[in-house]
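K.L.:
Starting from the structure of chain A, add chain B where the hints point.
Number of protein chains: 2
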Amino acid sequence: MADLQALRADIEGIRIEDNEKIVQQKSRDFYWYSPVLKERLEAVTGDLVVSPKTEAELIRVLKACYRHGVPVTPRGTGTGNYGQAMPLSGGVVLSLADMNEIREIAPGRAVVGPGVICSDLDKAARFESGQEMRMHPSTAHTATVGGFIAGGSGGVGSTRWGGLRDFGNVIRLRVVTMEEEPRALELTGEDLHKVTHAYGTNGIITEVELPLTAAYDWVDVIVAFDDFMEAATYANALGRQDGILLKLNTVVAAPAPFDYFKRHQKFLKEGENTVICMVAPQSLDAFLAFTRREGGRIAFNRSELAEEDLRGLPVAYELAWNHTTLRGLRVDPAITYLQVLYPFPDQLALVSKLHEMFEGEVIDHLEFVRFDGDITCFGLPMVRYSTEERLDEIIETFNREGAPIFNPHRYTLEEGGMKQTDEIQLAFKREADPRGLLNPGKMIAWENPDYDFDSGAVWLFKGLQKAG
Amino acid sequence: MADLQALRADIEGIRIEDNEKIVQQKSRDFYWYSPVLKERLEAVTGDLVVSPKTEAELIRVLKACYRHGVPVTPRGTGTGNYGQAMPLSGGVVLSLADMNEIREIAPGRAVVGPGVICSDLDKAARFESGQEMRMHPSTAHTATVGGFIAGGSGGVGSTRWGGLRDFGNVIRLRVVTMEEEPRALELTGEDLHKVTHAYGTNGIITEVELPLTAAYDWVDVIVAFDDFMEAATYANALGRQDGILLKLNTVVAAPAPFDYFKRHQKFLKEGENTVICMVAPQSLDAFLAFTRREGGRIAFNRSELAEEDLRGLPVAYELAWNHTTLRGLRVDPAITYLQVLYPFPDQLALVSKLHEMFEGEVIDHLEFVRFDGDITCFGLPMVRYSTEERLDEIIETFNREGAPIFNPHRYTLEEGGMKQTDEIQLAFKREADPRGLLNPGKMIAWENPDYDFDSGAVWLFKGLQKAG
Numbered sequence: 000m001a002d003l004q005a006l007r008a009d010i011e012g013i014r015i016e017d018n019e020k021i022v023q024q025k026s027r028d029f030y031w032y033s034p035v036l037k038e039r040l041e042a043v044t045g046d047l048v049v050s051p052k053t054e055a056e057l058i059r060v061l062k063a064c065y066r067h068g069v070p071v072t073p074r075g076t077g078t079g080n081y082g083q084a085m086p087l088s089g090g091v092v093l094s095l096a097d098m099n100e101i102r103e104i105a106p107g108r109a110v111v112g113p114g115v116i117c118s119d120l121d122k123a124a125r126f127e128s129g130q131e132m133r134m135h136p137s138t139a140h141t142a143t144v145g146g147f148i149a150g151g152s153g154g155v156g157s158t159r160w161g162g163l164r165d166f167g168n169v170i171r172l173r174v175v176t177m178e179e180e181p182r183a184l185e186l187t188g189e190d191l192h193k194v195t196h197a198y199g200t201n202g203i204i205t206e207v208e209l210p211l212t213a214a215y216d217w218v219d220v221i222v223a224f225d226d227f228m229e230a231a232t233y234a235n236a237l238g239r240q241d242g243i244l245l246k247l248n249t250v251v252a253a254p255a256p257f258d259y260f261k262r263h264q265k266f267l268k269e270g271e272n273t274v275i276c277m278v279a280p281q282s283l284d285a286f287l288a289f290t291r292r293e294g295g296r297i298a299f300n301r302s303e304l305a306e307e308d309l310r311g312l313p314v315a316y317e318l319a320w321n322h323t324t325l326r327g328l329r330v331d332p333a334i335t336y337l338q339v340l341y342p343f344p345d346q347l348a349l350v351s352k353l354h355e356m357f358e359g360e361v362i363d364h365l366e367f368v369r370f371d372g373d374i375t376c377f378g379l380p381m382v383r384y385s386t387e388e389r390l391d392e393i394i395e396t397f398n399r400e401g402a403p404i405f406n407p408h409r410y411t412l413e414e415g416g417m418k419q420t421d422e423i424q425l426a427f428k429r430e431a432d433p434r435g436l437l438n439p440g441k442m443i444a445w446e447n448p449d450y451d452f453d454s455g456a457v458w459l460f461k462g463l464q465k466a467g
Numbered sequence: 000m001a002d003l004q005a006l007r008a009d010i011e012g013i014r015i016e017d018n019e020k021i022v023q024q025k026s027r028d029f030y031w032y033s034p035v036l037k038e039r040l041e042a043v044t045g046d047l048v049v050s051p052k053t054e055a056e057l058i059r060v061l062k063a064c065y066r067h068g069v070p071v072t073p074r075g076t077g078t079g080n081y082g083q084a085m086p087l088s089g090g091v092v093l094s095l096a097d098m099n100e101i102r103e104i105a106p107g108r109a110v111v112g113p114g115v116i117c118s119d120l121d122k123a124a125r126f127e128s129g130q131e132m133r134m135h136p137s138t139a140h141t142a143t144v145g146g147f148i149a150g151g152s153g154g155v156g157s158t159r160w161g162g163l164r165d166f167g168n169v170i171r172l173r174v175v176t177m178e179e180e181p182r183a184l185e186l187t188g189e190d191l192h193k194v195t196h197a198y199g200t201n202g203i204i205t206e207v208e209l210p211l212t213a214a215y216d217w218v219d220v221i222v223a224f225d226d227f228m229e230a231a232t233y234a235n236a237l238g239r240q241d242g243i244l245l246k247l248n249t250v251v252a253a254p255a256p257f258d259y260f261k262r263h264q265k266f267l268k269e270g271e272n273t274v275i276c277m278v279a280p281q282s283l284d285a286f287l288a289f290t291r292r293e294g295g296r297i298a299f300n301r302s303e304l305a306e307e308d309l310r311g312l313p314v315a316y317e318l319a320w321n322h323t324t325l326r327g328l329r330v331d332p333a334i335t336y337l338q339v340l341y342p343f344p345d346q347l348a349l350v351s352k353l354h355e356m357f358e359g360e361v362i363d364h365l366e367f368v369r370f371d372g373d374i375t376c377f378g379l380p381m382v383r384y385s386t387e388e389r390l391d392e393i394i395e396t397f398n399r400e401g402a403p404i405f406n407p408h409r410y411t412l413e414e415g416g417m418k419q420t421d422e423i424q425l426a427f428k429r430e431a432d433p434r435g436l437l438n439p440g441k442m443i444a445w446e447n448p449d450y451d452f453d454s455g456a457v458w459l460f461k462g463l464q465k466a467g
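The listed protein sequences correspond, in order, to chains A and B. Letter by letter, the first sequence follows residues 0 to 467 of numbering that gives the first Met the number 0. Letter by letter, the second sequence follows residues 0 to 467 of numbering that gives the first Met the number 0.
Quick caveat, the hints were computed from the structure, so don't treat them as lab data. Worth double-checking, as some hints may not be accurate.
Claimed, not checked - Examples of chain B residues lying across from chain A (beta carbon under 10 angstroms, computed):
id, residue
1, Gln24
2, Arg159
3, Leu163
4, Glu208
5, Ala214
6, Gly242
7, Ser282
8, Leu287
9, Asp345
10, Ala348
11, Lys352
12, Val368
13, Phe370
14, Asp371
15, Gly372
As the list claims (entries may be wrong) - Beta-carbon label-pair distances, calculated as ranges:
id, chain 1, residue 1, chain 2, residue 2, range
16, B, Asp97, A, Ile297, 53 to 61 angstroms
17, A, Phe126, B, Asp453, 39 to 47 angstroms
18, B, Thr187, A, Gln24, 39 to 47 angstroms
19, A, Asp345, B, Thr187, 34 to 42 angstroms
20, A, Gln24, B, Arg102, 20 to 28 angstroms
Said to hold, decoys possible - Calculated Cβ distances over 12 angstroms to all of chain A for the following chain B residues:
id, residue
21, Arg108
22, Ile170
23, Asp225
24, Asp226
25, Leu267
26, Pro280
27, Glu306
28, Thr386
29, Glu387
30, Pro439
Each residue gets a CB set at the ideal place from its N, CA and C atoms; glycine is no exception.
In isolation and in its complexed conformation, chain A is listed as follows (with noise of 0.2 angstroms):
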């Protein structure tokens, strides 16, 4: 390809991969966790992977890759789970893992390049002040900040904080245009959502101003329950409870826990259901009093365990959020997942429902978290697979019922279900990525211009339309 020879030559100096199995490997992520992108994204690969260290050397790869016309996929350490950042027509993969600098901790706030990994924040924030983000992904010893921003939604700490989506818990994104001459833009308030969620299709992230939060030395607390609606209920209640911080509260069904947490196996009964709790210090006593009120039973308290026997135990929220499927995928291939909201006021009717509804077939995984000022949970429920048909059954079913699936098996946003895209969004695009070189393909109401923005469906990343 012509393009490609005469692009390394403008960008000589910039750190580039061409070797064919790492920039394979370099255009995939977690895509496999879906039976359904497994197949149809396996002969996804860009043609070459290339690191700026800085928004200079950035701006050199962009200003070149749209004078010769070459798509550009944005990608931090590719622990999406849905080809957020797989480059379906190729050309550059622009990793960003090397724009890793710590600019600044200050009170409440961090500034970095989109590059660095969540635990390396958190590692200097918690040294250089007790401070740690708000929010993280069960891959946060891997993800990158701005990869969190750009694909995902919430984690970790949501139970406490909400998501990504919600006013506050994203500063300020310096984000680059993919123009003949780039610009640099600082968005902020409600602006942010051109960028939150959008899988860099509208715009390369170089700088991230987030919130932190103050550290504690998180208190990792199994409760097992033999009923699965005792499990659930306890842990709505728990959420409920206005003094006790939490940064983790995980329902997850039998026969998961005794089967899929290997190294927890230990502590655990068969056939129990599990509440998994991340509880401050200064929590703990009202956590296990509160327990004791519920008739918890306390399987696991790392606080009262010896250095031995953790050795070798990965903390609690390794086996939360996309860290259930992962372990459970460890154990049984034929498994995959789903992403569904119960609304408040009546999740726990609707997890009841659905619980019963696919006994056997779905084993249910809920995320307590704050939404919209309600506590009420997410489910990501592992499915024993048969086949897409079977899954788009059980996705129909949920939808009817109320409970909106956020669909994993789907590469684009708008199927995906998080991202609303709008006429303000489309704007956007127009503005920052004219030849629609930012990661093609992922942006339906880009790809096509007869696209019907008002689907009624619920959306966690909202259109700006509606919100202006």
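P.N.:
For chain B alone, coordinates are given in the frame of chain A:
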């Protein structure tokens, strides 16, 4: 009184005050907020004020009082509003203000004597560790920590953390009993409820362990609206923004802001309704974007004003909670107030209905808080007082409409309506205060053996029997 002579001899060396004027002054609180209590409690006074400096001294005082049958009414600095610490039967007013040691400040928690002034603890915690109390009364500069726990229910910070009634907002209380040989008990978990908001009827607090949270340079902001329900709707929606960190979210209806907040008057317009907020600096940008979207006028933003403009201005929380009424009383001594809960999820409809019913007679004041996991509001409406009968009529109307009143015109635990007594608490009092000498006359269940515990009322501090 012979008893007192003997008592004085027994506690020689411990600080005593017997000047009649000073004893009377130290026998009072802000009971005069209520014209009803003003009349009823005017004559109340103790015989002596005793101020132990240590738990050992305190135990000597209690032993002596027990021996001589002298009532003991514990007190911090007397910032209560309904006679919590007024000695109905005379005797010893036990000032705990000198037991004001700050014993430990650690990540997430502090251990202090009961007499520490809230703002002194905050100052020390901020200086040592960048922390502060989760919540404090609007009288933080004069109120003691022990008095807050024994006589208060929540305050500035409850918008984030709920109330003192909630698991986790007090960690541990050390309490000395009123027996022949006083014992020191360490209470945690549910047992804390035996002592919180019990006016010292169940034992004397000698040490408090309480949670701390990250301190920020909170930004005082006042948002103005022409319409009262627009202000209330905004504050409710603001409270539901999970990513915007607030410490205060107070609605004050016209004409109070312009008429009563004299020092802020230059920032306000006559007839405006205000929402008074304390916003974490890292959330200010999001707060302003949200406020713009909701159409509020930023009347006051401390972060944008010069030092000289701020001179003499009280901090935001000194316009809120019980300070709102205080400022009203300074302008119009004929007003009084009520305390009301607007239960979720109907809070806005209830507020609107009752606002219209009493327009001109009741000036609304709402405090948006977390309450059992929901965002809702308390009211501390100011009332243009005419007669006790009319006040009772207003109270009845609120109760009938589903907005329960915690009557601040009553001095007993039960009639005030915040504290539910029950057999377990009564049994604890029998054990901890067998002669009934602690703050006599405040617990109906103790005075009246036929007291019916099951009134069906709403209680902030629930009995232990149901919960257990």
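K.L.:
So, for every hint listed, does it hold in this structure?
P.N.:
Right, here's what the structure says about each hint:
With a cut of 10 angstroms, the hint placing glutamine 24 of chain B at the interface with chain A is violated, because the nearest CB-to-CB distance is about 35 angstroms. Because the closest C-beta pair between arginine 159 of chain B and chain A is about 8 angstroms apart, less than 10 angstroms, the hint holds. The restraint placing leucine 163 of chain B at the interface with chain A holds, with a minimum CB-CB distance near 9 angstroms, inside the 10 angstroms limit. Taking 10 angstroms as the C-beta cut-off, the interface hint given for glutamate 208 of chain B holds, the closest approach to chain A being about 9 angstroms.
Of the supplied interface hints, the one on alanine 214 of chain B holds, with its beta-carbon coming within about 8 angstroms of a beta-carbon of chain A, less than 10 angstroms. At about 3 angstroms, the closest approach between the beta carbon of glycine 242 of chain B and any beta carbon in chain A falls short of 10 angstroms, and the interface hint on this residue holds. Checking serine 282 of chain B against chain A: minimum C-beta separation of about 5 angstroms stays under 10 angstroms; hint holds. With its C-beta approaching chain A no nearer than about 7 angstroms, leucine 287 of chain B sits inside the 10 angstroms limit, and its interface hint holds.
Given the 10 angstroms rule on beta carbons, the hint for aspartate 345 of chain B is violated: about 13 angstroms separates it from the nearest Cβ of chain A. At a threshold of 10 angstroms, the smallest CB-CB gap from alanine 348 of chain B to chain A is about 16 angstroms, leaving the interface hint violated. Here the hint on lysine 352 of chain B is broken, as its CB sits about 22 angstroms from the closest CB of chain A, past 10 angstroms. Taking 10 angstroms as the C-beta contact cut-off toward chain A, the hint placing valine 368 of chain B at the interface holds, the least distance being around 9 angstroms.
The beta carbon of phenylalanine 370 of chain B comes within 8 angstroms of a beta carbon in chain A, closer than 10 angstroms, and the hint placing it at the interface holds. Checking aspartate 371 of chain B against chain A: minimum C-beta separation of about 6 angstroms stays under 10 angstroms; hint holds. Contact between glycine 372 of chain B and chain A, as hinted, is supported at the beta carbon level, the nearest pair being about 3 angstroms apart and thus within 10 angstroms. Checked against the hint of 53 to 61 angstroms, the pair aspartate 97 of chain B and isoleucine 297 of chain A fails, with Cβ atoms roughly 41 angstroms apart.
The given range of 39 to 47 angstroms is broken by phenylalanine 126 of chain A and aspartate 453 of chain B, whose C-beta atoms sit roughly 55 angstroms from each other. Checking the proposed 39 to 47 angstroms range against threonine 187 of chain B and glutamine 24 of chain A shows it is violated: the Cβ atoms sit about 53 angstroms from each other. For aspartate 345 of chain A paired with threonine 187 of chain B, a C-beta distance near 35 angstroms keeps the hint of 34 to 42 angstroms intact. For the hinted restraint 20 to 28 angstroms between glutamine 24 of chain A and arginine 102 of chain B, the CB-CB distance of approximately 57 angstroms leaves it violated.
Not every CB of chain A is more than 12 angstroms from the CB of arginine 108 of chain B (nearest about 4 angstroms), against its label as outside the interface. Annotated as non-interface, isoleucine 170 of chain B brings its C-beta within 12 angstroms of a C-beta of chain A; the closest such distance is 6 angstroms. Aspartate 225 of chain B, annotated as away from the interface, keeps every beta carbon of chain A farther than 12 angstroms; the closest lies near 22 angstroms. With a closest Cβ-Cβ approach of about 22 angstroms to chain A, aspartate 226 of chain B is found to remain outside the 12 angstroms limit, as its non-interface label requires.
Distance check for leucine 267 of chain B against chain A: the nearest CB is about 26 angstroms away, which clears 12 angstroms, and the non-interface claim stands. Once the 12 angstroms rule is applied to beta carbons, proline 280 of chain B is inconsistent with being away from chain A; the minimum gap is 6 angstroms. Every Cβ of chain A is farther than 12 angstroms from the Cβ of glutamate 306 of chain B; the closest lies at roughly 21 angstroms, confirming the non-interface assignment. At roughly 38 angstroms, the least C-beta separation between threonine 386 of chain B and chain A is larger than 12 angstroms, which holds for a residue marked as non-interface.
Under the 12 angstroms C-beta cut-off, the non-interface status given to glutamate 387 of chain B relative to chain A holds; the minimum distance is some 35 angstroms. Distance check for proline 439 of chain B against chain A: the nearest CB is about 31 angstroms away, which clears 12 angstroms, and the non-interface claim stands.
The earlier numbered hints that this structure contradicts are 1, 9, 10, 11, 16, 17, 18, 20, 21, 22 and 26.
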